[in-house]
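As a plain string of letters, each chain reads:
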Amino acid sequence: MALSVRPAGDFRVSYQQDRTIFPTRGSTLWCIVGILFLCLLPLQIGGKSLVSSYWLALVIQIAYYGIAALGLNILVGFTGQISLGHSAFFGFGAFMSAYLSGKHGVPVALSIPLAGLATGLLGVIVGLPAARLKGLYLAIATLASQFVLQDFFSRAEWFTGGASGANAAPFSLFGYSLSGDRKYYYVVLFYLVIMYVFAANLVRTRDGRAMIAVRDHYLSAEIMGINLTYYRILAFGISSVYAGIGGALMAHYTSFVSAEAFDLLLSINFLAMIIIGGLGSVMGSLMGTVFILFLPEFMQSIVRGIQSFGYAQSAAFIEGLAYMKEMAIGMAIVLFLIFEPDGLAARWRKIKAYWKLYPFSY
Amino acid sequence: MKLKLALLSAVAASTALGTSALAQQKVKVGNLVDYTGATSSVGKISGPGKVDAFNWINANGGINGKQLEVETVDYGYQTQRSIQLYKKWKDDGAVAIQGYGTNDTEAMVGFIAEDKIPYFSLSFSGHLTDPAGVSAKAKEGKIKPAPYNFFGAPSYSDGTRSLVIWAAEDWKKKGGSGKPKYIHLGDNHPYPLAPKEAGEQLAKELGFDVVPSIQYALAGGDFKAQCLALQASGANYAFMGNTTGANVALLRSCATVGVNVQFMANIWGMDEAGMKATGKAVDGLVWVVSQNPWGADVPGMKTFREISKQSDPAGASYRPLPYVRGACQVLYLGEAMRMADKAGKLNGEGIKAALEGMKDFVPFGTDGMCPAVTWTSQDHRSVDTVGLMRARITGETEQGDYTELMAKGVMKLEKVADIKVERKPGWLGY
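Chains as they are written, first to last, in the working numbering: chain A, 1 to 362; chain B, 1 to 430.
Hints in this document: simulated from the structure, not taken from any laboratory.
Note that this is a predicted model, so its numbers are computed, not measured.
Hints are supplied without guarantee of correctness; some may be wrong.
[Claimed, not checked] From the structure, some residues in chain B lie toward chain A, with a derived Cβ separation under 8 Å:
| # | residue |
| --- | --- |
| 1 | LYS88 |
| 2 | THR102 |
| 3 | VAL261 |
In this text, a Cβ means the ideal position worked out from N, Cα and C, and glycines have one as well.
For reference, chain B alone in the conformation it holds in the complex (with noise of 0.2 Å):
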C-alpha cells in the first residue's frame, strides 16, 4: 500500500541527512558503551575509560599524526541497535571497533569476519578465542571461528580455572582434611553460565567434589533461600559467575544467614563501587582482577594518571577496576594502529597482522596495569596468567564515597597470587 512509499520515502530523507561529510584525514573507529541499559554498573566505569583513552591517543599524536575519529554510542544493551551501529560504522569507513557485552559481540562474529574489521570487547568469553576454528568446540560446530575477535584480559573460563587451581591449592595449605566441595553459583544467563563447564571440569580433575549448582538472579533481590541452601550443601569453596550487582545481594544476604564459604568471582564480579556497596560481606572474597587497583606503586600508572586527566584534569579520581580493563582494550588497539599504520596498512588486515604479532605486549608502557598479551593466528587466548586479589574491609563503608574510602584504607585489594593457566589446546575456545 502506500505506507510502504511512505515508509521509503521516509528512508531516502533520512539517507540524506544521514550521511555526514567524513573528514578524510581521519581514522574511524566505533565505540560501544552502556551507561543506560542491564549492565550499566559495569558500563558507567568502563564507558569513560574507553573514551579517555581514546582521547588520550589523540592527544598524543594519534596514530602516527592521524587523528582518530572515534563516535562512541550507548547503545542501552540491545542487540539490534548493536547491529545497526555496526552497519553504519561500516558504511563510514571504520578501521575497528571497540565493542561492548556478550550478546552484541557473538551476533557480530559473523559479519566482522566477512568485512575485516577487528572488533575488541568487554566480553571475555572463551567463544572468541577461537580465530582459525580448529578447537575442538569449533569442530563439534558449537562455536564458530572468530578470526577478528580480541580481548586482552584471561578469558571467563580460564579466570574461573585460575580460582579452581587457588582453592586447591588454598585447601592443601589450610591443611583441611577430604575432599573439599566446590559449587558454582549464578543465573541461568550466558554470562555466569560461561565458564562453569571449565571450573566444574577443572575442579572435579583437581580432587574437588562438586555439589550441584545453586541459582540466584542476576538482577539481584533477597538470596537468603540461596544462602541456605549453600550452607546446606556444605561447600567449601563457592564460586559466583553473576556480575557486581547480583554478587554484592548474595554476599550480603549471605552474611545476614551466616555463611561460612570461602567465595570467589569472576572478572566482572566485584569492584570497588561494589566493595563500597557490600560493606563487610566483600571481606575474605577472592577474585580475577589481572591487573593492579588504581594508585599502585607501578609503571604503568603515570600513563593511567595521564588517561584519566582527559576527563578529570584535577586527578583526584579514584578510577574502580573496570576503568581501566576497558581503557587497556583501547590502548591495544591505538598500538596495533600505529603499528599497521607504519606497515602502511592501516587497515582491518592490517591491524588484525600487527595485533597478532605482538608477543607479551603491554601498550603505552602501561606495565602492571595493562596484561602482557600474546596473539597469534592460532589463539586469540591473550594471557596465560591471571592474577587473583582479595578483597579487604576494615571499617564501616557506608559512609564516604570509594575514592575516600580506598584513600583512608578502609578497602584494600590485596594481591593473592598470579596463577598460570596454560594455554592448553583441549581448553581453546571455551
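Here chain A stands alone, though its shape is the one from the complex (with noise of 0.2 Å):
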C-alpha cells in the first residue's frame, strides 16, 4: 500500500527507514507546525480570542475522547480483540482520578497519570477472560464487565459518590492553577501529543508487531513463538490506561462526575470513532473521535440555519427537526461505512497520493 504512493526511486533500504514514523522531512516539520499552531488556539491577543469558547471546548473533547479511542483501537485494531465496555473504563479513570485527588490530597497532575495505571490493573484483570474467549464470546464478556462496573459506579459511595456523583477538584501545577478551558486546554494537549506518540510508537516495537501478528494469524503467531495470552492482556491493559486517562481528563475538565455518562452507547461510540476512523490506524483514532464529535455540531449548524428563517420558532417544528437531525447523523454514518470501508485515515492516503502525483499519476 505504501509503496504505491511512493514516487519511483525512493526505496527505503533499511529497517529504519522502513518504520520510522514520519517518511519525509516535510512530514516531521507539518506536525511540528500543526502542534505549534495548536498551543496558539487558546491565545487572547487584546481581548480577541482567536478561537471562540465553543471550538475550544470542542478541540478539549475531541482530545480526551481522542485518548480514549486510541485506546481501544490498540485492543481492537491492532490486537483484533474486542471490548464493549470501554466506556466503563473511561469512567474508571474519571472516578478515579478524582477520588484520588479528591480524598487523598494527590495533587491533579499527578492523580491523572495514577487513574491511568489504576484503569489499567483493571483492565488486566478485566481481559483475563480474553486469554480464553475469542470474537462475540469475548464481546460478551467485556459487555458483562460494562455492566458491573456502571453498577458499581452507583453503589460505590465511597468511591464514586453514588448517585449524587463525584466533584473532580481543578488542575493545578506547582501552586498555579490551570482551570478554565484555556489554560486546561494545555494540558489536554499535553496528553494527547504523548500519548499519540507513545502509540505510534508502540507499534514500531516488537511488542506492537507481536500484537499485529496476533491479530493477522494467531495461529501463525503462536508458532513463531508469540505468547497470545500475555499479548492480549497487555492489550487489554494499555488499551485501559489509554481510556483511564482520557476519563480522568474529562473529570477534571468538567470539575463533576456522574455515573450516568458512562454508558452503553458511549462505549458504541467509541467503536464507532475507530470503525470510522480507521481500524489499526492511530491517526484514524482522531480522525474518527473528530467525525463523531462534529457530525452532530455542524447538523446543529444546519437546524440553526433553517430555524433562523423567522417562523421556525414553533414548538412542533423544533421537535421534527430534532428527529431529522438524528436521522441525517444515522445516515450520514451509514453512507460513510458504504462509502468508505476503510475509514478516514485510508481516505486521507488516497487524497495525500493524489496531491503528490498530481498531476501526473500513475
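Assemble the dimeric complex from its two separately framed chains, guided by the hints.
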C-alpha cells in the first residue's frame, strides 16, 4: 500500500527507514507546525480570542475522547480483540482521578497518570477472559464488565459518591492553577501529543508487532513464539490506560463525574470512532473522534440555519427538526461506512497520494 | 502530522460559518430539550411547554419590550453535547439558560458559577439547592455550592419526604396496627437513588420499618420477579424511584402478580400519558404533583390556555403535567428577567438577584399551576409545600388518547394533601 504511493526511485533500504513515523522531512515539519499551531489556539490577543470558547471546548473534548478512542484502537484495530466495555474504563479513570485528588489529596497533575495506571490494572483483570475467549464470546464478556462497573459506579458511595456523583478538583501545577478552558487546554494537548506519540512508537516495537501478528493470524503468531495470552492481556491493559487517562482528563475538565455518563452507548460510540477513523490506524482514531463529535454540531448548525428563517420557532417544528437531525446523523454514518469502509485514515492516504503526484499520477 | 492541520483548518472554516450575526437588541437565552434521548418520554411533553412559554412571553411584550432570542436544541440527553451547547451559548452572550436533566445540570454547576449564568433545570435534585455551600453535604465535600442553579418545584428528596409524612398519617388514619413497612424501589441510577437516603431516614424517624430496597431497571421490562419479591417483603408503602416508563411496567407487572401495596412515586414518576398506558393498575397511586392538572378551576389556567395556544391555536389539546412543569421554569425566569431589566441589570448577576428576591412568588398570575416560590441567597429550596395527588381510573384506558380519557373522566387526578416539608438546615443539599 505504502509503496504504491511513493514516487519511483524512492526506496527504503533499512528497517529504520521502513518503520519511521515521519517518512519525509516535510511531514516532520508539518507535524511540528501543526502542534505549534494547536498551542496558539487558546491565546487571546488584546481581549479578542483567536478561537471562541465553543470551538475550544470542542477541541478539548476531541482530545480526551481521542485518547480513549486510540486506546480502543490498540485493542481492536491492532490486536484484533473486541471490547464493548470501553466507556466503563473511561468512567473508572474519571472516578479514580476524582477520588485520588479529592479524598486523598493527591495533586491532580499526579492523579491523572495514576488513574491511568489503576485503570490499566483493572483492564488487565477484566481482560483475563481474553486469554480464553475470542470474537463474539469476548464481546459478551466485556459487555458484562461494562454492566458490572456501571453498577459499581452507582453503588460504591465511598469511591464515586454514588448517586450524587463525584467532584473533581481543578488542575494545578506547582501552585499555579490551570483551570478554565484556555489553560486546561494545554494539559489536554500535552496528554494528547504524548499518548499519540507513544502509540505511534508502540506499533513499531517488538511488542506492537507481536500484537499485530496476534490480530492477523493467531495460530501463526503462536508458532512464531508469540505468547498469545500475554499479548492479549497486555493489549487490554494498555487500552485501559488510555481510557483511564482520557476519563481523568474529562473529570477535571467538567469538575464533576456522574455515573450516568458512562453507559453502553458511549462504548458503542468509541467503537464507531475507530471504525470510521480506520481500524489499526493511530491517526485514524483521532480522525474518527473528530467525525463523531463534529457531525452533531454540523447538523445542529444546519438546523440553526433553518430555524433562523423567521417562522421556525414553533414547538412542533423544532421537534420535527430534532428527529430529522438524529436520522441524518445515522444516515451519514451508514453512508460513510458503505463508501469508505477502510475509514478516514485510508481516504486521507488516497488524497495525499493524489496530490503528491498531481497531475501525473500513475 | 498533516492531519492535525486538516483538523484545524476544518475548525477554522466552521468557526467562520458558525459565528452568525447576532441581533443586538435581542436577549439571548439557551433552551435544552430532549426529544430523542433516554428521557424523551418526559422531554417530548415538557419541551413544547418550555418553547410555548418562551413564545408566549415574546408575544406579550417580551422582557419590557426586548424580544427573547431563544435557541431550543435537542441534545439527546448526551452530556458532551450539552457542554458544547453551553459554551456556544456563552459565546453568543446568553444571559440565562433553561437546562434539562441530572447529568447535564450537574456537569454544568462549576461552569455556570464561574460564568455567572443562571441555569434552570428540570432536574430537581436536592444537590442543586445549596447556593452558598453551607450544608453538611457541602462541608463533607459531597456536593459543591450551586449559586446559579434554580428550579421551581419540590426537590426529589423533599418530594419523597412528603410521601413518607403522608404515609405515616395514612397509616394512622387507616388504623393500621404495628410498624408499617416502607420500601424504596428503583434502579442504580442517579435519579432514583437521589432521594433514597432522605426517604429512608425520615421513614425510620417516623416509626417505619425500612425493608431492603428492590432494584428494577429504568429502561423498563417485565418486573414480575421484582413484584414477587415486593410481595414477600411484606411492605405496606412502596416508593417507586424510577421515571414514568419503568413505573408503568412495574405497576402492570405487580397487578398481574396481585401485590397489595400502597404505591407512591416521585415527581417524574407518573403523568397522564403513563396513566393511560398503565390502565387499571395505576388506580390508587399517590405521587408528587405540586400543581393542578390541566383544565383545573384555578386562576392560573387562564394564562396557561394562552400559552398552549402558541402551538395549538384551536386550544383543544390536553397538556399533561410535565408540560406545565416545564413552562413554569421558563415563566419564573421570564419574570426575573423583567425585574432585572427594570433594575438596569439584565445580566446573570441581576437575574440571580431578582430570583433570590422572590418571596412566595407566582409568575404571570399562574396561581394554582406554578407553585409559589421563595429563593434566598442561602437557600435555593424553592417550595416548602408539596402537593400530592392520587390517580383514579374508572374504566378501560385502551381506547382514545389521554385528552379524551381525561375529558370523559375515565382517568382522574384527585388531590390528596398539601404536605408541609420544612426547610430544615440539616436537609439542605440533599
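Verification of the supplied hints:
Using the Cβ-Cβ criterion of 8 Å, the hint placing B:LYS88 at the interface with chain A is satisfied: the shortest such distance is roughly 4 Å. Given hint, B:THR102 at the interface with chain A, holds; its Cβ is 6 Å from that chain's nearest Cβ, closer than 8 Å. Here the hint on B:VAL261 is broken, as its CB sits about 24 Å from the closest CB of chain A, past 8 Å.
Of the numbered hints stated above, the single one contradicted by the structure is hint 3.
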